[in-house]
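The whole structure should be built from the sequences, with the hints applied where relevant.
Number of protein chains: 2
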Amino acid sequence: MNNSALGIFDSGVGGLTVVRAVQELLPSEHIVYLGDTARVPYGSKSPETIRRFSDEDVRYLLTQNVKAIVVACNTATAHALPMLQERYQIPIIGVIEAGVEAVLADPQTQRVGIIATRGTIHSHAYQHALALRRTGMMIVEQATPLLVPLIEENWIDHPATRQVLDTYLQPMLDKHIDTLLLACTHYPLLVPMLQEMIGDRVRIVDSATTCALHLQQELARLDMLADSAQIGTLSIALTDLSEQFEILAKRFLRKCPPLIKRVEI
Amino acid sequence: MNNSALGIFDSGVGGLTVVRAVQELLPSEHIVYLGDTARVPYGSKSPETIRRFSDEDVRYLLTQNVKAIVVACNTATAHALPMLQERYQIPIIGVIEAGVEAVLADPQTQRVGIIATRGTIHSHAYQHALALRRTGMMIVEQATPLLVPLIEENWIDHPATRQVLDTYLQPMLDKHIDTLLLACTHYPLLVPMLQEMIGDRVRIVDSATTCALHLQQELARLDMLADSAQIGTLSIALTDLSEQFEILAKRFLRKCPPLIKRVEI
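One line per chain: the protein sequences are L and S, in this order.
With this note's numbering, letter number 88 in the first sequence gets 88, and the count goes up by one each step, no holes.
Just add 1000 to wherever you are in the second sequence, counting from 1, and you've got this note's numbering.
Source of the hints: derived by calculation from the structure; they are not laboratory data.
Treat the hints with care, as some may be off.
Said to hold, decoys possible - EDC-like, lysine to aspartate or glutamate: derived pairs with alpha carbons at most 16 Å apart:
| no. | chain 1 | residue 1 | chain 2 | residue 2 |
| --- | --- | --- | --- | --- |
| 1 | L | 67 | L | 218 |
| 2 | L | 255 | L | 48 |
| 3 | S | 1261 | L | 48 |
| 4 | S | 1067 | S | 1227 |
| 5 | L | 261 | L | 243 |
| 6 | L | 261 | S | 1227 |
Pasting the structure below:
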């Protein structure tokens, strides 16, 4: 048992979808969340820069005495996780392994579409992780860099978003994918529109939700789950504070966030 | 006369539209360009963070022995220019004054629409600057945060972009604006689509181009223009380098950029 907080970080506030899933599954865990909103997004930046920023994020969380760290950002997981796991002693968990498990949960899966930021797609991290676990699947990857801005504007039911999704998804649908993996922690907010657009033909899998399950298994394995009598708290630190980030935080968390503080890292 | 280089900075590579205009008008000027691509965009961040980043941008340019600095970013001009002008001795010129002059160049102008990032709009910097120079004009402001991502994806003739512009512009058109001010250095790339959509009804004014004229006047006034026998050079430094940024640089500059180097600031 370990009652110290979990550290969870993301380039911005999108990772709060992971926080929400963790709170639902593991309500006794204290959580310290860091969003690097001063430098958001990571998804369009170079691997070197993503690794540097992720390292600084982890160092901040270590000053908060966390027991384990969740990288709640697919781009940071894709480019920085192996380096972080090598560099630091405490358990560091990414979102990719969880996304891969969610895809493979259905043994019928044959044709997988993956949508993500340009950074995640260029890393081919999902493709490699899937190929290691099951051979013979067809994988179609598509960078979808406009989705994060559209979600951050809350245009989640706007016709322009539908048109953007149409443009991104059509090549995948032409290849008859049976599963669509949402490989960015922002994308769960698009599930209603995606369900409506393709839900009858394609299974939609979301790495944010699955990540909480993966985390639970890891903490149990390491005997690091918090005392179930404890009531978990959440604290949120952002590297830049603005009204817009507070609005977004509420949307991703689906409830009013606690007092958010600004930190320099 | 002063043959030292001009320093020009922006949050990313959008400010290269200003560089292009300066090169056309002032071909003898050496230019050192800094794009803070590691932390782009500035437009969605807080005034404090924008001021801190802009200050670091200026400090970098000062190490390059520039004779004057152009803030080729509307958001940074809106929030940081007064502070920068107070803090540093050398001439520092923003894009807002130029945009305002361009609007007022037509004495018939009565109803002005302004589109820009959320940061620029929230500052009301254009509204204040226009009101100081001419009273009685109607000004309609609209934050258009999705335009930068669409332009950076080069979706400058995509139906989704048209739909996004429609959503943003309709309230302005309903108020019968006679002039539309593009108050972001990215937006000149949308001029063809805008011309097609509203060009017969509305004069489109772009601050990037006008900024070069304003700079020329300022340098002449201060006797700081370069020797006209000199052939100007351009060097580009970015805080993050990626293939995508190189593609974008070429698009904004409308030619192959020189070798781009990465710097830490």
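The hints, checked one at a time:
Between the alpha carbons of residue 67 of chain L and residue 218 of chain L the distance comes to roughly 12 Å, so the proposed pair stays at or under 16 Å and holds. Only pairs whose Cα atoms come within 16 Å are accepted, and residue 255 of chain L paired with residue 48 of chain L is rejected, the gap being roughly 35 Å. Only pairs whose Cα atoms come within 16 Å are accepted, and residue 1261 of chain S paired with residue 48 of chain L is accepted, the gap being roughly 14 Å. In summary, the hint linking residue 1067 of chain S to residue 1227 of chain S is supported, as the alpha carbons are separated by about 14 Å, within the 16 Å threshold.
Between the alpha carbons of residue 261 of chain L and residue 243 of chain L the distance comes to roughly 13 Å, so the proposed pair stays at or under 16 Å and holds. Taking the CA atoms of residue 261 of chain L and residue 1227 of chain S, the gap is about 52 Å. The hint is violated against a cut of 16 Å.
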